[in-house]
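Undergrad: One letter stands for each residue in the lines below.
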Amino acid sequence: MIELKQISKRYQMGGDIIHALDHVDLTVQDREFVAIIGPSGSGKSTLMNIVGCLDYADEGEYFLDGEDVSELSSRELARIRNKKIGFVFQQFNLLGKLTAYENVELPLIYQGISMSERRELTEQALERVGLKDRMKHKPKELSGGQQQRVAIARALSTRPTLILADEPTGNLDSKSGYDIMQMLHELHQQGNSIMLITHDEKVSMEAQRRLAIYDGKVFPVEADLPEEVLNA
Amino acid sequence: MKIIQAFKMAFKAIASNKMRSFLTMLGIIIGVLSFTVMVGIVQGSTQTLTDSMSNLDPNMITTRMMGRRTATLTMEEIEDLRGKGSVNLTAPLISTTLTAKAGVNTHSTTVEGTTDGYDQIRGLEIAEGRFLTESDVQNRTSVAIVGVTVADELFGQRDVIGETINIDGRKYQIVGIFAEKGSSMGVSQDDHIVIPFTLAQRTFRNTNISQFYANATTENDVAAAVETIEAFMLEKTGNEDHFNVQSQEATLETMNTMVSTMTLLTGFIASISLLVGGIGIMNIMLVSVSERTREIGIRKAIGAQRLDIMLQFIIEAVVLSLMGGLIGLGLSAVVRYVVIPNIPASLMGENGSLTMVISGSVLTMSLMFSVVIGVIFGTYPALKASKLLPIEALRYE
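So the protein lines, in turn, are chains A and B.
Taking this note's numbering, the leading residue of the first sequence gets 1, the next gets one more, and so forth.
Taking this note's numbering, the leading residue of the second sequence gets 1001, the next gets one more, and so forth.
Since the hints were derived computationally from the structure, they do not count as laboratory data.
Among the hints, a few may not be true.
As the list claims (entries may be wrong) - Label pairs and their computed distance ranges (CB to CB):
1) A:E59 to B:E1392: 15 to 25 Å
2) A:K140 to B:S1353: 22 to 32 Å
3) A:R119 to B:L1354: 50 to 60 Å
4) B:V1287 to A:M205: 19 to 29 Å
5) B:N1283 to A:Q190: 42 to 52 Å
Beta carbons are placed, not taken as given, at the ideal position from N, Cα and C, and that holds for glycine.
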């Protein structure tokens, strides 16, 4: 379960201070599929970085499965990213020199588990995204949709509770995008919490619950949105 | 487990940019090559040198006249030193190069004039016959003791006792032949003729004794014997700058000091090129870290610890420099076994020789050097990589 309490993050840009996140309260239950919708510059990437333990908040508290993450060292944050969170990025972020298999295996190597166990988990993850026959290929030799599926397999290999997907369909054609969304639904049904970050109204419709982010503030979509959010 | 993976990653990174990796290694290759070859040649020469020194008696003391001649020594004075204090035997030496003849054969060689006892002091072995006696010297008997080279050149055989040779118009009867000694430092030890001192003085038209040899009664008395001779020489010349008394032991020590200084110096010079190679590795690793910023970000996002990233880059640097070190060692083996044996003799001069030793200590030292250089020069780039913030690194294009 994710619990953000009064989380703020500010950036200094030139002479101005930008409130990327402005006292955000947010709760995501286990096994929930939440979409965060917002235009670029709204603070949604900052939110994802903080939820994904890639960045610290300036203020507020963040509890991940009851653990106060804001107090943890960078070492422990790395452990949490490794075990509890699976990232799926817009640009896939696969390592170009490694094969699909090696990319999926990487987080397991950082867990320090044995080779035979790694092989089993890696092959399972690749099988779930339907790319077991392509595991010897390098990202360059795969289509965009296939690359994103490898990225999903990498996110799955450690069996995390939370999948963080940042514009997972942003770089894909509509058919591949559709496939990826189906895959996220499947993962959701199998018990993962999913946090989907997007600027696309249509994509966000897939989620159980929708939240909008604008100027560093988070609103439920069902509520009356400010004019700017709806037009964004 | 993680270490094995880190090594695999390092090999992958090195293999993915072969040209650059090779150029980076080149610094270490040249460094290790020059280190092993230079130190190896110094050690090789040292070995030849100490081999040739080892058959010398440590008791031996050499006295030389130096600078302007203010006083002259006589054979009698040197003989009188025998038995004084800890001095055992003494023998003057004068020598020059002359042509010896036997029948139609001629041979130019070193002719040495000395007295009895010289063979014992210098550790010369007589293979057959005898050395000079006191009466040979007193009576100016025309006898000679020859080295094997002289026998080979003049007679074509070594059974030469009783034969006659002609030196500078005087006939000498051969009474002894020295045991074969081989060459030392490229100089043959078998190409000489020894005749009585008194005859040599006449033949060479030289009455000045510029050096003489002595030995101490026992090895422990060498210092005392040196003192006795020094006191005698000081009294004789009145100036301690006009002579030099040195024991074989002291000569060996001087040489050892010289050799270790040489080894140190060559080692130092070669380490400079190793250092330069190390800087090359650091340079490339820094480039590699900034090129791979995004990769580092991704690795961190999926759970790599700072230590994992650090280890990855340090191991890459160590593997690079260790591979360079191994190639360098391989090349120095090529120099040792292929290049040096095939250097044409004409390049090295008569009797010249070049020996190179690849000792275990040099081997381990150069490999250790490579690893240490990899660690030292890999640490800073690795630290830089490990300190990157995951979000900054992910944002990097």
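Undergrad: Determine for every hint whether it applies to the structure shown.
TA: Going down the list of hints, with the structure as the test:
1. A:E59 to B:E1392: 15 to 25 Å: Between E59 (chain A) and E1392 (chain B), where Cβ atoms are some 21 Å apart, the hint holds.
2. A:K140 to B:S1353: 22 to 32 Å: violated, 59 Å
3. A:R119 to B:L1354: 50 to 60 Å: Hint holds: Cβ distance 56 Å, inside 50 to 60 Å.
4. B:V1287 to A:M205: 19 to 29 Å: violated, 46 Å
5. B:N1283 to A:Q190: 42 to 52 Å: For N1283 (chain B) and Q190 (chain A) the Cβ distance comes to about 49 Å; the hint holds.
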